[in-house]
Amino acid sequence: MDISDLSGKKIAVTGATGFIGSRLVETLLLNKVDCKISVLIRNYSSLAHLARFDSIDYTFGNIDDNEVIDKFVKDADYVVHLAYDPSSQKTNINSIRNLSESCIKYEKKLIHTSTISVYEPLTVKMITEETEYDGSIFEYGKRKRLIEEEVLRYVEKGLDAVILQPTIVYGPYSGPWTDRTCYQLLTGTVVLPDGGSGICNPVYVYDVVRAIICALLTPKSNSVRFLISGPDSVTWGKYYNAFEKILGTSSVINKNVKDIKNSQFNPVKSLRLILGDPKRAFSWEPMKSFLQSIKYKIPGKYRTLIKNIYGSYQKIAPKPIYMPNKQMLLLLTTNSVVDISRSQKELGYNPQYTFEDGMKKTAGYIKWAFPKSFDIQ
Amino acid sequence: MKLAIIGCGAVFDQFQLPALKKIKKIPSFFIDLNIDAAKRYANKFKSDAHPNYEDVINDFDAAIVSVPHYLHAPICKKLLKNHKHVFVEKPFVTTLKDGIELVKLANEVDKTICVGNFRRYKKSTIWVKELIASKLLGDIQEFHFREGGISGWPATTDSFWDKRKACGGVLMDTGAHTIDQLCFMLGAADVIEYKDDAQGGVEANCFIELELENGTRGTVELSRTRNLGSSAYIKGSRGSLITDLVGGEIQTNPKDLVLNKYNNIIGNKVKAEPYVDLFAQQFLSWFKAIETSSNDYVKESDVLPSIKIIDNCYANKKEMNYNWI
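Residue numbers (our numbering), protein chains in the order written: chain C, 1014 to 1390; chain G, 43 to 367.
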C-alpha cells in the first residue's frame, strides 16, 4: 500500500466527524497526501476534529437526500461511507441506496464500513466472511447486516464496492473500546466472566484506516466483504489488564457466567446495578432502540438538562458495578478467532500493530485524555 | 433606553433572551443577516427586525452584540463612534491591538463596553479571588487550569469552526472564559509556551505555560475533544485549593479555609448558578452602569490581560504532536 497513490484524487467521506472518519481524514492530511477530502455533514455541532484542517471541502445536507448525494458522489473519485444513524434505519437504508445508485451512475468505487457485529453472536471457532449469519438477536448487528445486503444487491447491478467489517476497534477516541473502557475502570468495578478467558479480536484504529486506504487502492476484486482485525488475538483478561496497567487501577473482578446471569434476573441485584449505572436500565434492546430513535429529536437544551441531572446524580450514586449485559456477556465469552486472510490476500491489508504495539501507542492517548484528578491532600 | 440585539444565533437564543426576559427588558430591535431569525423574535415581542444594524443605528441607545468573533471589533467601533453603549459577547476582541483601540475609543466617547465574561459573577470565582487576595493561601507557588468537553455546541452556521470568522479555536472560545478567570483570580501573566493542534484550521486542543508577575509558573489545558471537566488547582505556600470553574464547588487545604466568608459568600455554601441567572446579572450591572455611571460591571479594560495572553499564544504557537498516530 502506498498512500501517495491517492495524490490528485478526491475522496468523499460520510461520517467523517465520527471516530474512524476523523482518524481517516487526519491520516490523509497529516501525511501530506496531495488529495482532496470532501465530507458530508448534517449540522455544525461536531466538527472539532475536522476543523483543525483548512483544506476540507464541506457539503452540508442530509445523507438521505438524493440530490445532495448525487452531487457529493459526482465530484469525487472514491466514496468512503462511514455514517450510521442509530436513530433511523430508514435513513441508513435510504442513504446506502442513494450512494450506491450515484456510485453506479458515475462509476465510483464505494467503501462501506460495516462491523463484525453482523456475525454476532460469535459462536464458531473461526469467523470468516462466509460464516453463516443466524439472524442476529441484537439490533445493531441486524441493522448493519441489512445495510450490507443493500450493498450486495447493488453489486449485482454493477456497483464497485468493498464492505469492511472491523472487529474490536480500539485506540485514540474509540468510544466503546478505549474511552468507555477507561471510564469504567476509573469510576467503578468491571466484571469479567470466567477469568477473562474469552477471546478478543482487537484492531488498532490506524490499522482500520490502513484497510480503508488499501480498499481504495485495490483494483476491483471478486470478493466484496472483508474482515478487518489486528495481527493477533488476546484474551479479554489481557485486554482489560493492558488498560488497568496504563491507568494504574485494579477495578476488574471475575465472576462465573452463572452468577452474572443470575444477577441479570435478580431484582435486588439488578436494582443495585442500575443505581450505580443508570444507563443499564436502558440496555433492554427495544428500549435502547426507542431511545436511540428519539435521541436527536430532543431539543439541545433538554439534552443538556438531562446530562446535568445525570451528572448531579452521579455525584451521589453508589460506585457503579459494570456487569456485562446479555450481548456483552456473549462477546466476552466467545472463543471465536477472526480470519483476515481474505483481506490480506485480496486487499493487500497488512496490519502493523499487534495488541501490545497498539496499546503502547494508545497509552499516550489515555494519559492525555484521562489525566489524574487534582489532589490537594 | 432602546436596546438592539445584533446577532440572533445560538447564544442569544439559549442564554441572552431568557436572561432579558427574566429581568423584563424587551429589545426594540432584533438584527440578524438571517432576517427570518430576526423576524421570529421581533414578531414574538412586537419589536422591529432588520438585517443590518447600520440601517437603524440612529434609533437605539445600546446594543448587545453576539456575532462571529471577527466582527466584534468592527461592530463595536462603529457603535461607539455613533455614541452607543455596547455589550459584546466574549471574546471581547480577537487581537490585543483591537482591544487597546476600543478601550481608548470608549473613553473618548464616554460610553460603556461591557464584555460577556459572565463567569466573573460566579460566587466561586469571586470567593477564590478574595481568598487569594487575603494571603491565607500564602504566596502562590503553582497553578493548573483545565477545561474541556466533547464539543456539541448547537452552532447554526460555520462561524464557530471557520478560522477566518472564529479567529481561533478552543483557546479563543473556551479560553476567553478560562484565562479571564485565571487573570481575575491570580492577576496578569506572560506566555512561556503555547502549543496547539491546529493544522491550518482552528485548534481543538491546546496547552499553555504561563508565568505570573511574581515569577510563579503554571499551566492551562483546553480541549474540545476530551472530557477534562473544568477545574483549577492553585497552590500557595500556606495552603491549596481546587475549584470547579463552571460549577462552583471549592475544596481547600487546610479544610476549614473553605468556611471563610468573603463578600457575603461562604466557600462551602457555593452552588452552581444557572447560566441564565449569570447572564441576567451581567445585563443588570451593565444597565445600571449606563443609567448611573456605576463602575460595577465587566469593562473592556478588565479583560485586556486575557486578550493579551490569547494574542501572545497565537503569535508564538508551537505544534502539538500526537505520538499515537
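Watch out, some of these pointers could steer you wrong.
Each computed DSSO-like pair below joins lysine-lysine, with the alpha-carbon atoms no more than 30 Å apart [stated by the list, open to error]:
hint : chain 1 : residue 1 : chain 2 : residue 2
1    : C       : K1087     : G       : K205
2    : G       : K119      : C       : K1328
3    : C       : K1045     : G       : K207
4    : C       : K1385     : G       : K207
5    : C       : K1138     : C       : K1022
6    : G       : K64       : C       : K1385
7    : C       : K1374     : G       : K237
8    : G       : K360      : C       : K1374
9    : C       : K1292     : G       : K44
10   : C       : K1274     : C       : K1258
11   : C       : K1233     : C       : K1258
12   : G       : K205      : C       : K1380
13   : G       : K67       : G       : K139
14   : G       : K311      : G       : K359
15   : G       : K177      : G       : K311
16   : G       : K359      : C       : K1045
17   : G       : K311      : C       : K1332
18   : C       : K1373     : G       : K205
19   : G       : K177      : C       : K1385
20   : G       : K205      : G       : K67
21   : G       : K297      : C       : K1328
22   : G       : K177      : C       : K1023
23   : C       : K1385     : G       : K120
24   : G       : K207      : C       : K1049
25   : C       : K1332     : G       : K297
26   : G       : K153      : G       : K67
27   : C       : K1251     : C       : K1122
28   : C       : K1045     : G       : K205
29   : G       : K205      : C       : K1084
30   : G       : K237      : C       : K1373
Take a look, some chain G residues computed to stay more than 12 Å from chain C by CB distance [claimed, not checked]:
hint : residue
31   : K67
32   : A79
33   : S89
34   : G190
35   : R206
36   : V212
37   : T285
38   : K303
39   : T334
40   : S336
Since the hints were made in silico from the structure, they are not lab data. Glycine residues also receive a C-beta, built at the ideal position from the N, C-alpha and C atoms.
Hint check:
1. C:K1087 - G:K205: Holds - the C-alpha atoms of K205 of chain G and K1087 of chain C are around 28 Å apart, at most 30 Å.
2. G:K119 - C:K1328: Roughly 46 Å between the alpha carbons, so the hint for K119 of chain G and K1328 of chain C is violated.
3. C:K1045 - G:K207: holds, 25 Å
4. C:K1385 - G:K207: violated, 35 Å
5. C:K1138 - C:K1022: Roughly 41 Å separates the two Cα atoms, so the pair is violated.
6. G:K64 - C:K1385: violated, 40 Å
7. C:K1374 - G:K237: holds, 21 Å
8. G:K360 - C:K1374: With Cα atoms ~22 Å apart, K360 of chain G and K1374 of chain C stay inside 30 Å; holds.
9. C:K1292 - G:K44: violated, 49 Å
10. C:K1274 - C:K1258: holds, 28 Å
11. C:K1233 - C:K1258: The hint is violated at about 43 Å.
12. G:K205 - C:K1380: Between K205 of chain G and K1380 of chain C the Cα gap is close to 29 Å, so the pair holds against 30 Å.
13. G:K67 - G:K139: Roughly 33 Å between the alpha carbons, so the hint for K67 of chain G and K139 of chain G is violated.
14. G:K311 - G:K359: violated, 40 Å
15. G:K177 - G:K311: Judged against 30 Å, a Cα distance of about 21 Å means the pair holds.
16. G:K359 - C:K1045: Judged against 30 Å, a Cα distance of about 20 Å means the pair holds.
17. G:K311 - C:K1332: OK: K311 of chain G and K1332 of chain C at ~25 Å, within 30 Å.
18. C:K1373 - G:K205: violated, 34 Å
19. G:K177 - C:K1385: holds, 28 Å
20. G:K205 - G:K67: Given that 30 Å is the threshold and the Cα spacing comes to 34 Å, the pair is violated.
21. G:K297 - C:K1328: Measuring from Cα to Cα gives roughly 20 Å; hence the hint holds.
22. G:K177 - C:K1023: Given that 30 Å is the threshold and the Cα spacing comes to 61 Å, the pair is violated.
23. C:K1385 - G:K120: violated, 47 Å
24. G:K207 - C:K1049: holds, 23 Å
25. C:K1332 - G:K297: Roughly 25 Å separates the two Cα atoms, so the pair holds.
26. G:K153 - G:K67: holds, 20 Å
27. C:K1251 - C:K1122: Between K1251 of chain C and K1122 of chain C the Cα gap is close to 38 Å, so the pair fails against 30 Å, i.e. violated.
28. C:K1045 - G:K205: holds, 20 Å
29. G:K205 - C:K1084: holds, 26 Å
30. G:K237 - C:K1373: holds, 23 Å
31. K67: holds, 21 Å
32. A79: Holds: least Cβ distance 15 Å, greater than 12 Å.
33. S89: Holds: least Cβ distance 23 Å, greater than 12 Å.
34. G190: Given a closest Cβ separation of 9 Å, the condition is violated.
35. R206: The claim breaks: R206 of chain G does not keep its Cβ more than 12 Å from every Cβ of chain C (closest is about 9 Å).
36. V212: Label violated. Min Cβ-Cβ 8 Å, cutoff 12 Å.
37. T285: Answer for T285 of chain G: violated, closest chain C Cβ roughly 10 Å.
38. K303: At roughly 20 Å from the nearest Cβ of chain C, K303 of chain G sits farther out than 12 Å, so the non-interface label holds.
39. T334: holds, 34 Å
40. S336: holds, 32 Å
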